[in-house]
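Asker: Residue numbers (the working numbering), protein chains in the order written: chain A, 1 to 337; chain B, 1 to 446.
Because the hints were derived from the structure by calculation, they are not lab data.
Note that the structure is a prediction, hence the values are computed from the model and not measured.
Yeah, the Cβ is synthetic: ideal placement off N, Cα and C, and Gly gets one too.
Any given hint might turn out to be false.
What the hints assert, rightly or not - Ranges between beta-carbon positions, derived for each pair:
(1) 109/A with 279/B: 57 to 65 Å
(2) 233/B with 130/A: 36 to 44 Å
(3) 395/B with 282/A: 27 to 35 Å
(4) 241/A with 266/B: 24 to 32 Å
(5) 212/B with 106/A: 51 to 59 Å
(6) 127/B with 279/A: 35 to 43 Å
(7) 336/B with 199/A: 51 to 59 Å
(8) 89/A with 197/B: 47 to 55 Å
Residue-level listing of the chains:
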Amino acid sequence: MFWKNIFKKKDTAPTESLEQSTVDEPQAKEEAETSQSLFQRLKMGLSKTRKGFVDRMEQLVSGRKVDEELFEELEELLIQADCGVPTAMELVDRLRERAKGERITEGDEIKRLLRQEITAMLESHAQSLKESTASPYVIMVVGVNGAGKTTTIGKLAYRFKQEGAKVLLAAGDTFRAAAIDQLKAWADRVGVAFISHQEGADPAAVAYDAVNAARARGSDVLILDTAGRLQTKTNLMAELGKVHRVVQRELGRDVDEILLVVDATTGQNALSQGRMFSEAVPITGIVLTKLDGTAKGGIVLALGNELNLPVKLIGVGEKYTDLRDFNAAEFAKALFD
Amino acid sequence: MAFDNLAARLQETMRKLRGKGRLSEKDVDESLREVRLALLEADVNFKVVKDFIKRVKERAVGEEVLSSLTPGQQVIKIVHEELTALMGGTQAKLQLSSKPPTVIMMVGLQGAGKTTTAAKLARLLKSQGHRPLMVAADIYRPAAIKQLMVLGEQIEVPVFSMGQQNPVDIAKAAVNHGITHSNDVIIIDTAGRLHVDDALMEELVQIREAVSPHEILLVVDSMTGQDAVNVAEAFNARLELGGIVLTKLDGDARGGAALSVKAVTGKPIKFAGVSEKMDGLEPFYPDRMASRILGMGDVLSLIEKATAAVDQEKAKQLAHKLKEDEFTLEDFLDQLQQLKKMGPLDQILGMLPGMGAVKQLKNLDVDENHLKRIEAIINSMTVQERRNPQIIGGSRRKRIAQGSGTRVQDVNRLLKQFEQTRMLMKQLTGSEKGRRRSKGMFSLFR
């Protein structure tokens, strides 16, 4: 099955695959054609982040001597990027140590070090979607309300479809008004199969049917939507656990990917989300959405550093093609270059 | 959360200061470092924190430490007051036009909760006797119009929609429709958009110019981080907001965004979204939010919940029973059920100040199960046994354990605990009796 190429392409530029677009929709085609290299796209998406962060960074470090005040200001800068106090302190502590060990006295040098440290921190948690030959390849998408689950699923479906995979979307959000219609609209737009129950139906029943339907129809990829839920709602988290158990049982193996969708504008609460969703279901990775705003996305650092949760995908725009693999080096580079 | 126990940490920092009459600059600095961390952990914007700390410091230095408070508490008190003041002090009301219809515009980022909030607001207004009309102007997100329609049906409020046409035209037509159908409040649900998306921001400006709304509400997710200031600033600069709605406050987000947004726009926070249900929109209470941001618990909400859940008549009866030493397992069960009515135990305890600091309470789910077990045990007893636990011998214990799916040890523990509780209550209430009696005896000697 040649759609499995999606896993291999990541080592090269993922945009190559987009140029082989086979979707007939003019909009999608146009998007594919005009899409730039991943790096450029990411840089564009991150330009606001970059601008704010780097400008202040330049102001902060250039022509200055390394002193305690500088470190404190760097810490503030990281906190402002939503890195969280513990992670910011850890990074700056490392900088402090290295500056001392390597006898660095110029502020500009510190910038290089910080970039290295951030890249290292991001790299240690960078991962792409799990490779698997199992069929159907099953992805469960979870997260709080309004994080961007359904949109992410739409983009994911497009991506798999581009690779030639037979995709099935399952409307597991039976709670929110018109959530089923929203996913259906995505399925129609992208041109993939869709399965749903009525609003208010048991999401576990939807999951059950979805797995069996995927098998019966010979789908390559099954993506299961779930209702948005705040991580503190014990009952809803238990429901999520049940959905997962049903999928796992029907599948007879582990679910390939359970992705937690996190809005890039989220602050420290993302840590609580990561922690509590992980308790309910074995989260395999994070999708960081809405990175095209001014949000710094620094929460990525905290999620990796404090919870060991790898970021797998990032959403950098509203187009189908704006869902990218997370690449630590490029992310850090786009942030600083 | 690492800083849940701000109060405790401050107390620790200030312990050595006990007995001081006034706060020196150094004392204040030391404690404000903790406050700063707590605010940052709550996602209050960095610059806002800086300004805030400066202001608190000015006020706190030289302040007299009230005799009833420790220096730490005094600092918290000042911080709390300043936070409350910064968030608007008192509740801000919705701006309703004296000449109906009032036009309200909901704006915000994607996923903030505009559509849900629009419906909640419509429901609230309807319950106050208004005749709201909701307008589906989100033509971009798939099924957004359908979502509003479904919600409108649920709350029985009409929804105006013109499909995927230009939102400016939709808004204009909606207002006319509202006037001819004698709707006195028109709520326009606009599409979510990024504050840096020039074209879409311009669209909002055009809608505003076309229908001159009386109130533009920015919907902000309470989980928003440092970026909240940029978002609020951009929306306010373009649209001149009337107020803010803070959503998803039923989660565990501290909601520092509230402070950031208020600080940069100067606009009041008018409502808070507190549940997924349609009645989950409440007025915003600045003082409660201050407690929440500081991780100090929310005693006021707790008291409100308690008064709502506790049956006054039953409480009176209970007091009487305690006095007369007639407290039985039935009453005990009653109390448990009242406690449960107040909501999940961990939520209730979360509202108590300093609870985050108590390590033993970290795994509260266990306690919840414990309560359930106790309930099951009592429910497995006969009425006679509940009223007179002394009769519960070995075989009865075995039967109760089996009936409730517990072990005999569990039954034993419960009976022992109950006996202890009763003794304790006897001592507490009995002391009054005892005093009276001793007085009586004393009088004999007179």
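Asker: State for each hint whether it applies.
Answerer: The hints, checked one at a time:
1. 109/A with 279/B: 57 to 65 Å: holds (58 Å)
2. 233/B with 130/A: 36 to 44 Å: holds (41 Å)
3. 395/B with 282/A: 27 to 35 Å: violated (47 Å)
4. 241/A with 266/B: 24 to 32 Å: Because 44 Å falls outside the window, the suggested range is violated.
5. 212/B with 106/A: 51 to 59 Å: holds (56 Å)
6. 127/B with 279/A: 35 to 43 Å: Holds - the Cβ-Cβ distance for residue 127/B and residue 279/A, about 38 Å, lies within 35 to 43 Å.
7. 336/B with 199/A: 51 to 59 Å: For residue 199/A against residue 336/B, whose Cβ atoms are near 36 Å apart, the range 51 to 59 Å is violated.
8. 89/A with 197/B: 47 to 55 Å: About 35 Å separates the Cβ atoms of residue 89/A and residue 197/B, which means 47 to 55 Å is violated.
Violated hints, in rising order: 3, 4, 7, 8; the structure is consistent with all others.
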